[in-house]
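From first to last, the protein sequence lines stand for chains H and Z.
Note that numbering that gives the first Met the number 0 gives residue 437 to position 438 of the first sequence, counting from 1, and the numbers run on in steps of one.
Note that numbering that gives the first Met the number 0 gives residue 18 to position 19 of the second sequence, counting from 1, and the numbers run on in steps of one.
Pairs count within a copy or across copies, as identical chains cannot be separated in the list.
In silico SDA-like cross-links for lysine to any residue, where the CA-CA straight-line distance does not exceed 20 Å:
hint	residue 1	residue 2
1	K263	A239
2	K279	D154
3	K234	Q256
4	K381	R105
5	K279	N382
6	K75	D65
Read the hints as simulated data drawn from the structure, not as lab findings.
Number of protein chains: 2
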Amino acid sequence: MSKDKTFRPKARLPRGFRDRSSLEIIQERGMLDAIRHVYENYGFEALETPIVEYADALGKFLPDQDRPNEGVFSFKDDDGQWLSLRYDLTAPLARYVAENQQKLPRPFRRYQIGTNFRNEKPGPGRFREFTQCDADTVGTTAPSADAEMLMMFADTLEAVGLKRGDYAIKLSSRRLLDVLLESAEVGAGDGKTRGIVLRAIDKLDRLGVRGVEALLGDGRKDESGDFTHGAKLSKPAIDAILRFVSAPPLDLPSWWQSVVPGQKSADATAALEELDEILKLVRQCGYEDRVRFDPGIVRGLDYYTSVVFEAQLAMPTRNNAGEDVIMGSVGGGGRYDDLVARFTGQPVPAVGFSIGVSRLAAALRAADEGSSPLVVVLTLDKNDVASSFRIAAELRAAGIRAEPYVGEGGMKAQLKYADRRGASVAVIEGDDERARGEVTLKDLARGAERAKSVESRADWIGERAAQTSTKRETLIEGVRAILGRKA
Amino acid sequence: MSKDKTFRPKARLPRGFRDRSSLEIIQERGMLDAIRHVYENYGFEALETPIVEYADALGKFLPDQDRPNEGVFSFKDDDGQWLSLRYDLTAPLARYVAENQQKLPRPFRRYQIGTNFRNEKPGPGRFREFTQCDADTVGTTAPSADAEMLMMFADTLEAVGLKRGDYAIKLSSRRLLDVLLESAEVGAGDGKTRGIVLRAIDKLDRLGVRGVEALLGDGRKDESGDFTHGAKLSKPAIDAILRFVSAPPLDLPSWWQSVVPGQKSADATAALEELDEILKLVRQCGYEDRVRFDPGIVRGLDYYTSVVFEAQLAMPTRNNAGEDVIMGSVGGGGRYDDLVARFTGQPVPAVGFSIGVSRLAAALRAADEGSSPLVVVLTLDKNDVASSFRIAAELRAAGIRAEPYVGEGGMKAQLKYADRRGASVAVIEGDDERARGEVTLKDLARGAERAKSVESRADWIGERAAQTSTKRETLIEGVRAILGRKA
Numbered sequence: 000m001s002k003d004k005t006f007r008p009k010a011r012l013p014r015g016f017r018d019r020s021s022l023e024i025i026q027e028r029g030m031l032d033a034i035r036h037v038y039e040n041y042g043f044e045a046l047e048t049p050i051v052e053y054a055d056a057l058g059k060f061l062p063d064q065d066r067p068n069e070g071v072f073s074f075k076d077d078d079g080q081w082l083s084l085r086y087d088l089t090a091p092l093a094r095y096v097a098e099n100q101q102k103l104p105r106p107f108r109r110y111q112i113g114t115n116f117r118n119e120k121p122g123p124g125r126f127r128e129f130t131q132c133d134a135d136t137v138g139t140t141a142p143s144a145d146a147e148m149l150m151m152f153a154d155t156l157e158a159v160g161l162k163r164g165d166y167a168i169k170l171s172s173r174r175l176l177d178v179l180l181e182s183a184e185v186g187a188g189d190g191k192t193r194g195i196v197l198r199a200i201d202k203l204d205r206l207g208v209r210g211v212e213a214l215l216g217d218g219r220k221d222e223s224g225d226f227t228h229g230a231k232l233s234k235p236a237i238d239a240i241l242r243f244v245s246a247p248p249l250d251l252p253s254w255w256q257s258v259v260p261g262q263k264s265a266d267a268t269a270a271l272e273e274l275d276e277i278l279k280l281v282r283q284c285g286y287e288d289r290v291r292f293d294p295g296i297v298r299g300l301d302y303y304t305s306v307v308f309e310a311q312l313a314m315p316t317r318n319n320a321g322e323d324v325i326m327g328s329v330g331g332g333g334r335y336d337d338l339v340a341r342f343t344g345q346p347v348p349a350v351g352f353s354i355g356v357s358r359l360a361a362a363l364r365a366a367d368e369g370s371s372p373l374v375v376v377l378t379l380d381k382n383d384v385a386s387s388f389r390i391a392a393e394l395r396a397a398g399i400r401a402e403p404y405v406g407e408g409g410m411k412a413q414l415k416y417a418d419r420r421g422a423s424v425a426v427i428e429g430d431d432e433r434a435r436g437e438v439t440l441k442d443l444a445r446g447a448e449r450a451k452s453v454e455s456r457a458d459w460i461g462e463r464a465a466q467t468s469t470k471r472e473t474l475i476e477g478v479r480a481i482l483g484r485k486a
Numbered sequence: 000m001s002k003d004k005t006f007r008p009k010a011r012l013p014r015g016f017r018d019r020s021s022l023e024i025i026q027e028r029g030m031l032d033a034i035r036h037v038y039e040n041y042g043f044e045a046l047e048t049p050i051v052e053y054a055d056a057l058g059k060f061l062p063d064q065d066r067p068n069e070g071v072f073s074f075k076d077d078d079g080q081w082l083s084l085r086y087d088l089t090a091p092l093a094r095y096v097a098e099n100q101q102k103l104p105r106p107f108r109r110y111q112i113g114t115n116f117r118n119e120k121p122g123p124g125r126f127r128e129f130t131q132c133d134a135d136t137v138g139t140t141a142p143s144a145d146a147e148m149l150m151m152f153a154d155t156l157e158a159v160g161l162k163r164g165d166y167a168i169k170l171s172s173r174r175l176l177d178v179l180l181e182s183a184e185v186g187a188g189d190g191k192t193r194g195i196v197l198r199a200i201d202k203l204d205r206l207g208v209r210g211v212e213a214l215l216g217d218g219r220k221d222e223s224g225d226f227t228h229g230a231k232l233s234k235p236a237i238d239a240i241l242r243f244v245s246a247p248p249l250d251l252p253s254w255w256q257s258v259v260p261g262q263k264s265a266d267a268t269a270a271l272e273e274l275d276e277i278l279k280l281v282r283q284c285g286y287e288d289r290v291r292f293d294p295g296i297v298r299g300l301d302y303y304t305s306v307v308f309e310a311q312l313a314m315p316t317r318n319n320a321g322e323d324v325i326m327g328s329v330g331g332g333g334r335y336d337d338l339v340a341r342f343t344g345q346p347v348p349a350v351g352f353s354i355g356v357s358r359l360a361a362a363l364r365a366a367d368e369g370s371s372p373l374v375v376v377l378t379l380d381k382n383d384v385a386s387s388f389r390i391a392a393e394l395r396a397a398g399i400r401a402e403p404y405v406g407e408g409g410m411k412a413q414l415k416y417a418d419r420r421g422a423s424v425a426v427i428e429g430d431d432e433r434a435r436g437e438v439t440l441k442d443l444a445r446g447a448e449r450a451k452s453v454e455s456r457a458d459w460i461g462e463r464a465a466q467t468s469t470k471r472e473t474l475i476e477g478v479r480a481i482l483g484r485k486a
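With the hints as extra help, turn the sequences into a complete structure.
And the structure:
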């Protein structure tokens, strides 16, 4: 620590980071436990890779550049190698599989819950540190692996408390879209245009068909007057893409023929068969009400090679501003067959998905209750602090969260403290009580309510009414009675 | 991801970081849950500060330097400000308290379980990323707050499974030591010598009295021939320090008089009273068999201002090399009254402790069992994959961890997979079984044992003996019977 008394740093959070308080942590913990339980029950094994990886292993540092990609936080190790904070859990998984391939079962099934970092401009609800829950099956091309992911995703969302009908897992095929883009002369070679097209389709929900049409063509001016440049595709290409994302997918082959009439492609046939097999297994397992084909799903990430999917919430969520909004995606994933090949040159097929913890937690928040009630035991006799410690220990032994007051204030400060902590009960053992072998139990929420509802002159009546005395031996029962009234 | 097919990064973990596998994660999770439960039960609230902080807020970047301290990982934000990965949970807590002081209850009691980073040379068992569990009470000088920490520390160690007698919480006073050092003319002003003295005392356990004596004097040559420079104190100063750390602490005032005969100091008197009050409360609450005064405890950190304490294990722990060693400290803490003042100029008294997760987990490892048994359902009929999915779903619904095989291999590869996963049971539904309305259950561990114990010619008998058939409807009972035999 600084010995220089004149230098006082400002106590401030870094931009785009935040402190999280008890209520949020406890609600999230229940959610994470439920997710973990489903993943483990499905036979996925826990794995924890470090938060720090070599920048090149994350694919964020290419040899022809002098420093890593700016979207990740990076720094040099003392041996001159660039390290980065991971930005997702998939790139480290690829590194892990490439490094340990020989000793892993095949397929390798792992889950990871972890913190990721993005060096991006923060915004409302957009932080630079966030948690994701990933599950992946690595080392198989079988469509059953994809189907299992979709169904486990649905089971997970129900395990955390979403009701059937409140969400949908929507599935599409990047491979099919690639055939379409190629036939529309947006080759995979033209990475930039392809990126614009993918991002345009990704906005279908928000901008509608007309908005996407503009973005595929010359560009679009939004409400604020900002202009986004378009992909400048030809009219027939735009029409084909709009048919792709909007046509009702009745039976897959006929739908595909309506999108690109007369088109024959071995790739398209294989992609259609793959989708068909996945959807068949989904039906056979009874998940067709939760998982469905929706060609409007593209996912933002570059690395998907085939199936892509996303979980969308159908029910409204109250945001921080108190407005009810449709939150949309709470996570998604897909098949990525080339990530491990970056290291080894050998393709290793893989499929997985990721749940964004803060978005899902926000959607679930209303239903949760937070931490269990707290009892604060006042410490009035400085010569017998042990007595309040013993009372707190007894309460804890009975399963009640309790603490003795360990500050330096008097009775008033202690009651104020209990109030500020949101405690449910204060236990008071003053001289009078002690002489009678009793303790006073103060029902804090009740006192606060009464104090609000009566005139200040009559405050003491409210105070009295919220207090009860009980024999020292029946302390636990007395506290339980008050807590029971609240529940 | 890289589009440049010729660049293949090497798949490797950064130096000093590690991947953690399922067994370790699950064992640690049980431990963390137990710790969290005790902390919460004592009324400490969860708080999560970010992993990234401003370097100056951590006290690791002083205005007269051109970059932050090398012991922390640091990088520049895009606005030019230095960010660091936190190296402990105490410095961020001080930042949080300084920033939110007005709205916090006083005392403020929080716990945090989190990952920290140190940019130090890694070594065996010394990693650059590690987890700590901290609890702190901020805003009170009352000795009862210190005493509560000591007792909660003991409760926590028992909650994770240590037996009483297998550990001790040892307590000393940095304030008392400072009086001694001052009287021995090692003033607080001479930070360097004071540091050498603290580190020397900290090695008492390992080097014994003679080793510490050498380090307080001219220096010490270790077994490898390396020479450590000493503090070069005078003979009387060394003797006083050795009396301090070695004398049996019978009654505090007499012991202190024996250490520094004739010394009168208001600071010493206050420190002795503080210790006395803490130890009295510990006795009154019945923790005197777990918490004791031991002046050999100093703790390495600079910022402690008064009481310091450490939890030491008395029982041996098996290390990775299979040797039984006394691990020593699994955590510690103390009172630090100046950390918040770095920001505000106002002293905010605080006391807390930190448990090192990996050390404690290693000490507990032997007692744990790992994850629950896994069932792998073979997928033999590629035209009816749904059947193995349904079997897995039924097992999961019955609370049994189960997965269908989703790879591309045949029967042999599938059994090998189940084996490699450490599965307990393989469920096999081939054509024959299906025709009879049955499934075959293979007891994998049993098969493996038998295969080891018989000649290879007789292997098939072992294989047969480890298999049972059961009606499809009695699948769950059949699997439970095998799992029950193992338990």
